[in-house]
Amino acid sequence: DTGVSQNPRHKITKRGQNVTFRCDPISEHNRLYWYRQTLGQGPEFLTYFQNEAQLEKSRLLSDRFSAERPKGSFSTLEIQRTEQGDSAMYLCASSSPSYEQYFGPGTRLTVT
Amino acid sequence: AQKVTQAQTEISVVEKEDVTLDCVYETRDTTYYLFWYKQPPSGELVFLIRRNSFDEQNEISGRYSWNFQKSTSSFNFTITASQVVDSAVYFCALSEAGGFKTIFGAGTRLFVKA
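Order-wise, the sequence lines are chains A and B.
Numbering-wise (our numbering), the first sequence opens with residue 1 and increments by one.
Numbering-wise (our numbering), the second sequence opens with residue 1001 and increments by one.
Derived by calculation from the structure, the hints in this document are not laboratory data.
The beta carbon of each residue, even a glycine, is placed where N, CA and C say it ideally should be.
Take the hints with a grain of salt, since some may be wrong.
To be verified - Footprint (simulated), chain B over chain A, 3 or more residues, beta carbon under 8 Å:
1) 5–14
2) 36–49
3) 101–112
Unchecked claim - Only pairs whose alpha carbons sit at most 20 Å apart, straight line, appear in this in silico SDA-like list of lysine to any residue:
4) B:Lys-1101 to A:Tyr-102
5) A:Lys-57 to B:Ala-1001
6) B:Lys-1113 to B:Ala-1001
7) B:Lys-1038 to B:Asn-1067
8) B:Lys-1003 to B:Arg-1051
9) B:Lys-1101 to A:Glu-52
10) B:Lys-1101 to A:Thr-110
11) A:Lys-14 to A:Leu-55
12) B:Lys-1038 to B:Ala-1007
13) B:Lys-1101 to A:Leu-55
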């Protein structure tokens, strides 16, 4: 049983550039979540998909952030015109309808 | 609004001591889910337990036990006979009935010294 995978694991980018992260959930899970975690804090909810439908998006997510989950399988999170404040660990999780979420290793973004 | 408070930022114990991590939550929902996750130094969050709001039975799993009390809106986690491998950050989390948005506490960093 493979877990949740995320790519890349690390990304360094210059301010103003666009970045895209990928998440591959556990294959039988129809729910997929994106979170952001900064040092010393708990994961902060960004958005949620059930199959291919994006059902909820945090108000904290600016218009520079967009997420997709075509065909209800993998998901991508894109950040446009990155800012230094976007530097964080971006976590993906998936779950079945039993609600407990299984997390991937995360993508660490550094904006210089 | 939903909120999870983990008042203990860091706890340090000596191996074999028992330790309790506190979690207090706020929600207006009558149906909700509570979770504990462990984040070891390697970084990947590991699911430990899920509790729904209708099940107040305490649970024990090996050296881990959880005490859920709706009257005080608390969901505390106890590690008995702690071990060095228990050193990690532990997060308490709350989901509304639909299970969409999950709110995490700020975490408690546990250091277990040999």
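Against the structure, the hints:
1. Check on the stretch 5–14 of chain A: 0 of its residues sit with their Cβ under 8 Å from a Cβ of chain B, so the three-residue criterion for coverage is violated.
2. Judged by the Cβ-Cβ criterion of 8 Å, the stretch 36–49 of chain A is covered by chain B as claimed, because 7 of its residues qualify and three suffice.
3. Judged by the Cβ-Cβ criterion of 8 Å, the stretch 101–112 of chain A is covered by chain B as claimed, because 6 of its residues qualify and three suffice.
4. Proximity of Lys-1101 (chain B) to Tyr-102 (chain A) is assessed by CA-CA distance (about 14 Å); at most 20 Å being required, the pair is judged to hold.
5. Pair hint Lys-57 (chain A) plus Ala-1001 (chain B) holds up; C-alpha atoms about 16 Å apart against a cutoff of 20 Å.
6. Between the alpha carbons of Lys-1113 (chain B) and Ala-1001 (chain B) the distance comes to roughly 38 Å, so the proposed pair goes past 20 Å and is violated.
7. Simply put, Lys-1038 (chain B) and Asn-1067 (chain B) have alpha-carbon atoms about 17 Å apart, close enough for the 20 Å limit, and the pair holds.
8. Taking the CA atoms of Lys-1003 (chain B) and Arg-1051 (chain B), the gap is near 16 Å; set against the 20 Å cutoff, the hint holds.
9. Our distance criterion of 20 Å between C-alpha atoms is met by Lys-1101 (chain B) and Glu-52 (chain A), whose separation comes to about 17 Å.
10. Proposed proximity of Lys-1101 (chain B) and Thr-110 (chain A) is contradicted: the alpha carbons are some 26 Å apart, above 20 Å.
11. The straight-line distance between the Cα atoms of Lys-14 (chain A) and Leu-55 (chain A) is roughly 31 Å, outside the 20 Å bound, and the hint therefore fails.
12. The suggested pairing of Lys-1038 (chain B) with Ala-1007 (chain B) holds, with an alpha-carbon distance near 17 Å, which does not exceed 20 Å.
13. A distance of roughly 10 Å separates the Cα atoms of Lys-1101 (chain B) and Leu-55 (chain A); the hinted pair therefore holds under the 20 Å criterion.
The structure does not agree with the numbered hints 1, 6, 10, 11 stated previously, though it agrees with the rest.
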